[in-house]
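A.B. asks: These protein sequence lines are chains A and B, in that order. Be aware that the first sequence starts at 1, since it is given in our numbering, and climbs by one per residue. Be aware that the second sequence starts at 1, since it is given in our numbering, and climbs by one per residue.
Please note: incorrect hints may appear among the correct ones.
To be verified - Computed footprint of chain B on chain A, listed as stretches where at least three residues anywhere in the stretch have a Cβ under 8 Å from a Cβ of chain B: (1) 38-48; (2) 55-63; (3) 101-111.
These are computed hints drawn from the structure, not numbers from a lab. Quick caveat: nothing in here was measured; it's all calculated off a predicted structure. Ideal placement from N, C-alpha and C gives every residue a C-beta, glycine not left out.
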Amino acid sequence: NAGVTQTPKFQVLKTGQSMTLQCAQDMNHEYMSWYRQDPGMGLRLIHYSVGAGITDQGEVPNGYNVSRSTTEDFPLRLLSAAPSQTSVYFCASSRQGGGTEAFFGQGTRLTVV
Amino acid sequence: GQQVMQIPQYQHVQEGEDFTTYCNSSTTLSNIQWYKQRPGGHPVFLIQLVKSGEVKKQKRLTFQFGEAKKNSSLHITATQTTDVGTYFCAGRNFNKFYFGSGTKLNVKP
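Looking at chain B on its own, in the form it has when it is part of the complex (with noise of 0.2 Å):
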């Protein structure tokens, strides 16, 4: 069935250092969305990308959703103790969201 794989599970990173998160599809996406979790809290939004090999920036986040519209990157610039949380990518076939299993972030100051 469909599945999304999203790798690393984990990523410690000291403050300042770049972070990458990946997710793979098994079939062709309609679009990926980004979502980040705080702990305790509820995904929020953080972006959509739609066309093949889109590329979408946000301050020090880029998105990239790739060529054959089956895998995606989150990358972080110079992370800060505030992007400390999980990562979740969530791909679009028909109707249905397939969420891969995210990335737990953690930013040491």
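Next up, chain A with everything else stripped away, as it sits in the complex (with noise of 0.2 Å):
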């Protein structure tokens, strides 16, 4: 199994610019989440499904979006990147609505300048 697959990796944008960050997961999860890892912060919840076609904010949503058309697929989209948005982002998968163990993806560093 491939589990959590984020895409891509790195990624620098010039402020102003737009992506979209990608993830799937192949274990049938309900619920998938984005987090940003700033250095001294932990994770910080952006946006979160707990099932397709259902999504709600986290903690900071400010200047992302995110969509759930099917249970695999959870991308987020930065719609005019900001230097404050430079971080590393993860996403994460569980069964059960988030009460039972997350699994991470790789992550994505992404900086903007």
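Hey, can you piece these two chains together into the complex? The hints should help.
C.D. replies: Here's what the structure looks like:
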């Protein structure tokens, strides 16, 4: 099993550009989520989804959009990149509405210049 | 808003010494999870605690969930160099997880 797959692994954007971070899981998990990790701040929840067609905001949703058209995929869109969005982004999935073990992807290191 | 505080931020120990990290939440949690992240890696699940006062052990690791379900701790007995990494707690409130800022453990051989 591939588990949770994130692409790309690294990305450099110019301020104002948009892009989509991809996340796919092959474990048929209902719950998927996006986090950003900044030094000294742990992981902060951006958006999450409890199933296909359902998404909701986390702690730091501004500047990001998500959609969940299938169980497998949960892309994260940066609408207009800003230097403050420079971070490492992790996608995670779990069963049963998030109340079980979360499996994380390898992460995407994003730099906005 | 919801916050999960974790201390200490860093801990340097000699191999064989014990290590403890603590998490405190501003609100009651449904459950708490613990993760380990190796340098350059992604978080890996260690354990989940659900019940008030719960204690779970995994070999040299002991996890506790407070009676009020607002605090938790991870204790490692006799650390080894393989324990190096950052340990995070993650408290669940409804469908959202709130991660602590992590404790970075360095073990000197």
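A.B. asks: A separate judgement is required for each hint: does it hold in the structure or not?
C.D. replies: Here is how each hint holds up against the structure:
Restraint check on the stretch 38-48 of chain A versus chain B: 7 residues with Cβ-Cβ distances below 8 Å, three needed, restraint holds. With 3 residues having a Cβ less than 8 Å from any Cβ of chain B, the stretch 55-63 of chain A passes the three-residue criterion, so the hint holds. A count of 7 residues in the stretch 101-111 of chain A with a Cβ less than 8 Å from any Cβ of chain B is obtained; the coverage claim is therefore met, three being the minimum.
In summary, this structure violates none of the numbered hints.
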